[in-house]
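Line order of the protein sequences matches chains A and B.
Residue numbers for the first sequence follow UniProt numbering, so the first one is 1 and each next one is one higher.
Residue numbers for the second sequence follow UniProt numbering, so the first one is 1 and each next one is one higher.
Calculated directly from the structure, the hints in this document are not laboratory data.
Be aware that a few hints might be false.
In this list, chains with the same sequence are indistinguishable; a pair is considered to hold if it fits within one copy or across any two.
Taking lysine to aspartate or glutamate pairs in the DMTMM-like style, the calculated list, with each CA pair at most 20 Å apart, reads [as the list claims (entries may be wrong)]:
id: 1; residue 1: K376; residue 2: E49
id: 2; residue 1: K186; residue 2: E438
id: 3; residue 1: K334; residue 2: E211
id: 4; residue 1: K104; residue 2: E561
id: 5; residue 1: K443; residue 2: E49
id: 6; residue 1: K331; residue 2: D180
id: 7; residue 1: K282; residue 2: E438
id: 8; residue 1: K46; residue 2: E438
id: 9; residue 1: K78; residue 2: E211
id: 10; residue 1: K46; residue 2: D373
id: 11; residue 1: K331; residue 2: D555
id: 12; residue 1: K443; residue 2: D115
id: 13; residue 1: K114; residue 2: E330
There are 2 protein chains.
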Amino acid sequence: MVEHGGLDVMCLNKYCSSSSSSSTSEKESKLFKQWKVNLTENYPQKNAEILSAQYGTLLLLIGISLMLAVTNGEHSVKEEHLMSFITTLMILQLLWMLWYVVRKDRQGSLVSEKDAHAGTSWVRGGLTLLALLSLIMDAFRIGYYVGYRSCISAVIVVYPVVHAVHTVSQVHFLWFHIKDVIKRYKTFERFGVIHAVFTNLLLWCSGVMSEAEHYMSNHNRRLSSLGFVNHSITEAAAEESDLDCNCTTSACTMFSSSLYYLYPFNIEYHIIVSAMLFVMWKNIGRTIDHHDSHKKSTSRRAGLIVGPIMGLLALASTIGVLVVYSIHVEKSEKMRESAIVMFYCYGIVLLALMCAAGVTGLLIYRAEGLPMDTSKNPSRQLDGGMLLGASVGPWLMSWCSVVAVVVTQSNPQYRWCSMVYALLVVVEKYVQNLFIIESLYRKDDDKASPGSTGTATPEIFSVAASMSPPYDGIVNRAYDEQDKCCSGHRDSEQVENGQVYGGNRKPSEVPLPVGSLTNKPSRKRQILRNIAVFLFMCNISLWILPAFGVRPQYDNGLEQEAFGFPIWSTVLNFAVPLGLFYRMHCVASLFDVFMKV
Amino acid sequence: MVEHGGLDVMCLNKYCSSSSSSSTSEKESKLFKQWKVNLTENYPQKNAEILSAQYGTLLLLIGISLMLAVTNGEHSVKEEHLMSFITTLMILQLLWMLWYVVRKDRQGSLVSEKDAHAGTSWVRGGLTLLALLSLIMDAFRIGYYVGYRSCISAVIVVYPVVHAVHTVSQVHFLWFHIKDVIKRYKTFERFGVIHAVFTNLLLWCSGVMSEAEHYMSNHNRRLSSLGFVNHSITEAAAEESDLDCNCTTSACTMFSSSLYYLYPFNIEYHIIVSAMLFVMWKNIGRTIDHHDSHKKSTSRRAGLIVGPIMGLLALASTIGVLVVYSIHVEKSEKMRESAIVMFYCYGIVLLALMCAAGVTGLLIYRAEGLPMDTSKNPSRQLDGGMLLGASVGPWLMSWCSVVAVVVTQSNPQYRWCSMVYALLVVVEKYVQNLFIIESLYRKDDDKASPGSTGTATPEIFSVAASMSPPYDGIVNRAYDEQDKCCSGHRDSEQVENGQVYGGNRKPSEVPLPVGSLTNKPSRKRQILRNIAVFLFMCNISLWILPAFGVRPQYDNGLEQEAFGFPIWSTVLNFAVPLGLFYRMHCVASLFDVFMKV
Numbered sequence: 001m002v003e004h005g006g007l008d009v010m011c012l013n014k015y016c017s018s019s020s021s022s023s024t025s026e027k028e029s030k031l032f033k034q035w036k037v038n039l040t041e042n043y044p045q046k047n048a049e050i051l052s053a054q055y056g057t058l059l060l061l062i063g064i065s066l067m068l069a070v071t072n073g074e075h076s077v078k079e080e081h082l083m084s085f086i087t088t089l090m091i092l093q094l095l096w097m098l099w100y101v102v103r104k105d106r107q108g109s110l111v112s113e114k115d116a117h118a119g120t121s122w123v124r125g126g127l128t129l130l131a132l133l134s135l136i137m138d139a140f141r142i143g144y145y146v147g148y149r150s151c152i153s154a155v156i157v158v159y160p161v162v163h164a165v166h167t168v169s170q171v172h173f174l175w176f177h178i179k180d181v182i183k184r185y186k187t188f189e190r191f192g193v194i195h196a197v198f199t200n201l202l203l204w205c206s207g208v209m210s211e212a213e214h215y216m217s218n219h220n221r222r223l224s225s226l227g228f229v230n231h232s233i234t235e236a237a238a239e240e241s242d243l244d245c246n247c248t249t250s251a252c253t254m255f256s257s258s259l260y261y262l263y264p265f266n267i268e269y270h271i272i273v274s275a276m277l278f279v280m281w282k283n284i285g286r287t288i289d290h291h292d293s294h295k296k297s298t299s300r301r302a303g304l305i306v307g308p309i310m311g312l313l314a315l316a317s318t319i320g321v322l323v324v325y326s327i328h329v330e331k332s333e334k335m336r337e338s339a340i341v342m343f344y345c346y347g348i349v350l351l352a353l354m355c356a357a358g359v360t361g362l363l364i365y366r367a368e369g370l371p372m373d374t375s376k377n378p379s380r381q382l383d384g385g386m387l388l389g390a391s392v393g394p395w396l397m398s399w400c401s402v403v404a405v406v407v408t409q410s411n412p413q414y415r416w417c418s419m420v421y422a423l424l425v426v427v428e429k430y431v432q433n434l435f436i437i438e439s440l441y442r443k444d445d446d447k448a449s450p451g452s453t454g455t456a457t458p459e460i461f462s463v464a465a466s467m468s469p470p471y472d473g474i475v476n477r478a479y480d481e482q483d484k485c486c487s488g489h490r491d492s493e494q495v496e497n498g499q500v501y502g503g504n505r506k507p508s509e510v511p512l513p514v515g516s517l518t519n520k521p522s523r524k525r526q527i528l529r530n531i532a533v534f535l536f537m538c539n540i541s542l543w544i545l546p547a548f549g550v551r552p553q554y555d556n557g558l559e560q561e562a563f564g565f566p567i568w569s570t571v572l573n574f575a576v577p578l579g580l581f582y583r584m585h586c587v588a589s590l591f592d593v594f595m596k597v
Numbered sequence: 001m002v003e004h005g006g007l008d009v010m011c012l013n014k015y016c017s018s019s020s021s022s023s024t025s026e027k028e029s030k031l032f033k034q035w036k037v038n039l040t041e042n043y044p045q046k047n048a049e050i051l052s053a054q055y056g057t058l059l060l061l062i063g064i065s066l067m068l069a070v071t072n073g074e075h076s077v078k079e080e081h082l083m084s085f086i087t088t089l090m091i092l093q094l095l096w097m098l099w100y101v102v103r104k105d106r107q108g109s110l111v112s113e114k115d116a117h118a119g120t121s122w123v124r125g126g127l128t129l130l131a132l133l134s135l136i137m138d139a140f141r142i143g144y145y146v147g148y149r150s151c152i153s154a155v156i157v158v159y160p161v162v163h164a165v166h167t168v169s170q171v172h173f174l175w176f177h178i179k180d181v182i183k184r185y186k187t188f189e190r191f192g193v194i195h196a197v198f199t200n201l202l203l204w205c206s207g208v209m210s211e212a213e214h215y216m217s218n219h220n221r222r223l224s225s226l227g228f229v230n231h232s233i234t235e236a237a238a239e240e241s242d243l244d245c246n247c248t249t250s251a252c253t254m255f256s257s258s259l260y261y262l263y264p265f266n267i268e269y270h271i272i273v274s275a276m277l278f279v280m281w282k283n284i285g286r287t288i289d290h291h292d293s294h295k296k297s298t299s300r301r302a303g304l305i306v307g308p309i310m311g312l313l314a315l316a317s318t319i320g321v322l323v324v325y326s327i328h329v330e331k332s333e334k335m336r337e338s339a340i341v342m343f344y345c346y347g348i349v350l351l352a353l354m355c356a357a358g359v360t361g362l363l364i365y366r367a368e369g370l371p372m373d374t375s376k377n378p379s380r381q382l383d384g385g386m387l388l389g390a391s392v393g394p395w396l397m398s399w400c401s402v403v404a405v406v407v408t409q410s411n412p413q414y415r416w417c418s419m420v421y422a423l424l425v426v427v428e429k430y431v432q433n434l435f436i437i438e439s440l441y442r443k444d445d446d447k448a449s450p451g452s453t454g455t456a457t458p459e460i461f462s463v464a465a466s467m468s469p470p471y472d473g474i475v476n477r478a479y480d481e482q483d484k485c486c487s488g489h490r491d492s493e494q495v496e497n498g499q500v501y502g503g504n505r506k507p508s509e510v511p512l513p514v515g516s517l518t519n520k521p522s523r524k525r526q527i528l529r530n531i532a533v534f535l536f537m538c539n540i541s542l543w544i545l546p547a548f549g550v551r552p553q554y555d556n557g558l559e560q561e562a563f564g565f566p567i568w569s570t571v572l573n574f575a576v577p578l579g580l581f582y583r584m585h586c587v588a589s590l591f592d593v594f595m596k597v
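Take these sequences, add in the hints, and give me the full structure.
Now the structure itself:
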């Protein structure tokens, strides 16, 4: 009997050779060596992924449990405990990044593969801007803590310093290494990258928590100035600013009030970084298909008139609404109601226009019938997933509003406006997600039409080869290999050399497509580009409003009546940050769409 | 200038032909036809997926917002509104299933492709058992409502009747159609399947909510009998049983108390169904690679001694713990404390054994170095994702316990036991997830060793073809096509004709592996099988305890002190259902592992 897979089988690189004549001690030493080899070089990709993903999740959960204990407010766990935990994680990440950069520099000539889709330069540019605002926030925080240094622990002062160093090094790391496809020391680097992902996620959570707390106390201050205060609300408000010493500098109030205008940027910074690092983590050990990306020579600005104008109008009216709302909502009951009505009217018009734009875009895609690009691209897959995931928050909020409008007894002016607004939010996100994802999965115009590039012959060749069901037996291997690179999935559509065809087409219908032989963009492309620009600006508008405190969901009282204060504030604490992230992410994706169309 | 992609381009099946001499009216009618074609036949897969996924998510969110309004308890939204919404969804699902079955029957000879991995017969068997228990629950519910018929609305009686019909038809559907890979009418069927997925998810949510409410009121009754009651708790307890008439039959109490023992089964039933339907949804439009699955002739029971014995011991001690805990925890303070200590000691021993078993399994895999199976398999991918996702709940609970033990002032007997238990829960899930996922991604023993099957020659052929870097120019297309089917992803490992090899192996090391030439299972296989059986039974044990009310996290008071009642009960309401689902899912996966090893 030959013992299968036993001690006498030595496995190197997953292929086994057997030696049947060996003594027990030799067997043991071999077994040890083999384990060592299996643990270091040969560790299966799937397992390494799960090992590190679980580690990251645990880090996040420890952080969240500390946060929950801090929010409880009984001060058994203090803010400094949470901060020292986060600081430790940031220092660990700094050490790992240092190690990575040094090791990569030493290897010198060994240039690793790059994923061209990860972190395009404009994403990195936007990120740098957000990082700068985060640094200003850190500076304000340091100033604030220095003022109160006599009564707060040193940990709280160390935190913004470490955070500033962390921000600078992380941006450096993202600029120069985010496209790397790591091929060696995989298991260790996987841990490093996932550590960075979850450290940023934890920083995001902590930012969201602070923001929600601050907004809540602000909201309660506003309510109490209007005279509606009940017991459960004042309790929460009392928790704020319980430092038992006075500020030693004159700038404390300035620092603390400006701080909260910078929070939204800091929050977005961390979530975007963690998404980028997640793509880097997914890329570890991957083999990239190299497509030639030819630069377009068409002018992007041709025909861009209606979109930008409408977008600028939307942006201008948004700023008007922001100013009027912020002033009116703190005044008398009647002023407040009119401010809310104004917000809903503005929102309904804007969302209706966005829906119309999105639907037009989708119809153009239907009319055009360009092929889809189904090649593997973790960055794009993540984009789609995050759009859908982030929509869940605002959608839940909208449905709660609809339920509230239907069931409540009170009948303010804005009751039905609120319902229409909520339904339009649902429809607009539905349409916009479809539009963005369809745009991202479309092939580039010039790549898709063989007439415009010089590679028409091999494409027709491979199409003919794949279309005729009984194979002729012999084909050129070089072309074939080219095919295999592209066919990530052999789903209902077959991807052949960058071109996609439906599976059930009859072989007789193979005329050459007549495409954009000239470089001038077609009418349809122009319309799509205008739509992208318009939606881009609308999403910026809809990000600005909640980010700077225009949140009628807190002020209109309908949902609070239907769901009660605890449930509704929980829903908002979940949904508002997701909503902000959704808008930010849409802005990034729509820019991508604009560059692609 | 030729207008690209404009009205004069007719696209059929994504391939375009141009006709440059056509009048405007002809153009318009063509455009209309083309849109129609694009919308029905040619709708891109990715978009259809997102269209239907968004629809499903919205259904779930509407349901959740209604549920939140019901839990508020101000009775603006009543239970019957929620139930009539769910009933409508179930009726729609019934109609869709009817349509599907009738249409499939009519097509007769047209046998569609099947996904062999989806819904194995033992999963369907287990499901049928759960469905039977759900039916009993429906019968009890009908009996209960009939007793109170004078004071409750008809909707509440209709609900269990429709649910029973829904259960029967759904089980029938799952038995005969779950493996179908749908290739026609894709967009419509996608909506049908996703509707079914989210209807079941909503039924799951509603079950979880009822269960949590019932457990909470039970817990409060227990607390009030012990004398610790505070204001916020009695309020919740008062909400239960507010019907304003008496039962007209004698069995109402019996029905309502037995109902709650059946809840856990109903909850598991719905979540498993939605997972199975989700796999069916992912399979729509997919092209399946046909591997020959050869039946194994080895006896599975050979060498199965230690695992089953240890497992039975664990199961027996679990039942003992269940009985003792349930009796003691309702008695005096001291008895309660001793019951909790007993639970933790039992838990620590069991979890430590499970960790040891899992680590042993992983070490065996490391020593064995069998190749991984990286072919595409949505069902397996989902399994892995759900294991990780469901772990998040119990992990969060554990870290909260650890934080609570560290920070609280009170010092009961079980303080440090609770911490050790929590940490072991974290480690055990970490190891078990790794073990299960590694087992599922391993190639079957007999498939992996070419020596045991008759297909050695083509495999070696294709290996040789793919290994030699400079292609010889001409290869047989038939073999090549076979390759392409299997290579779902060209990651770091290349999948060739069902066999996986590391990418960086030198061509000189190609000896034939000497595998299980005989049918007797090896020692290692025997150990793995014992481990799978042991873990299987342990997971059943750890499911039984919380499902039947042994939840020391409610009773020990440590976390409640550290986090406060509202936060901690929210964490538990999130984590306990996920924990139950995790155990159930592990049981299913470990059975799969046992069948595979």
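These are the hints, each one checked on the structure:
1. In the homo-oligomer, the alpha carbons of K376 and E49 lie at most 20 Å apart both inside one protomer (18 Å) and across protomers (17 Å), since each shortest distance falls under that limit.
2. In this assembly of identical chains, K186 and E438 lie within 20 Å of each other by CA distance solely across copies; the values are 18 Å between and 34 Å within a copy.
3. Within a single copy, K334 and E211 get their C-alpha atoms no closer than 28 Å, and across copies no closer than 44 Å, so neither meets the 20 Å cut-off.
4. In the homo-oligomer, the alpha carbons of K104 and E561 never lie at most 20 Å apart, since the shortest distance is 59 Å inside one protomer and 50 Å across protomers.
5. In this homomeric assembly, K443 and E49 come within 20 Å of each other (Cα to Cα) only across copies, at 18 Å, whereas the closest approach inside a single copy is 30 Å.
6. Taking the closest pair of Cα atoms, K331 and D180 never come within 20 Å of each other, the shortest separation being 54 Å inside a single copy and 62 Å across copies.
7. Within a single copy, K282 and E438 get their C-alpha atoms only as close as 23 Å, which misses the 20 Å cut-off; across copies the closest is 18 Å, which meets it.
8. Proximity of K46 and E438 under a CA criterion of 20 Å is satisfied inter-copy only: 8 Å between copies versus 30 Å inside one chain copy.
9. Taking identical chains as interchangeable, the C-alpha atoms of K78 and E211 lie at most 20 Å apart only when both belong to the same chain, with a minimum of 18 Å there against 34 Å between chains.
10. For the homomeric pair K46 and D373, the shortest alpha-carbon distance between copies (10 Å) is at most 20 Å, but the shortest distance inside one copy (26 Å) is not.
11. For a Cα distance limit of 20 Å, the shortest separation of K331 from D555 inside one copy, 12 Å, qualifies, whereas the shortest one across copies, 48 Å, does not.
12. Proximity of K443 to D115 under the C-alpha cut-off of 20 Å is restricted to the intra-copy arrangement: shortest distance 18 Å within a copy versus 30 Å between copies.
13. Proximity of K114 to E330 under the C-alpha cut-off of 20 Å is found in neither arrangement, the shortest distances being 53 Å within a copy and 63 Å between copies.
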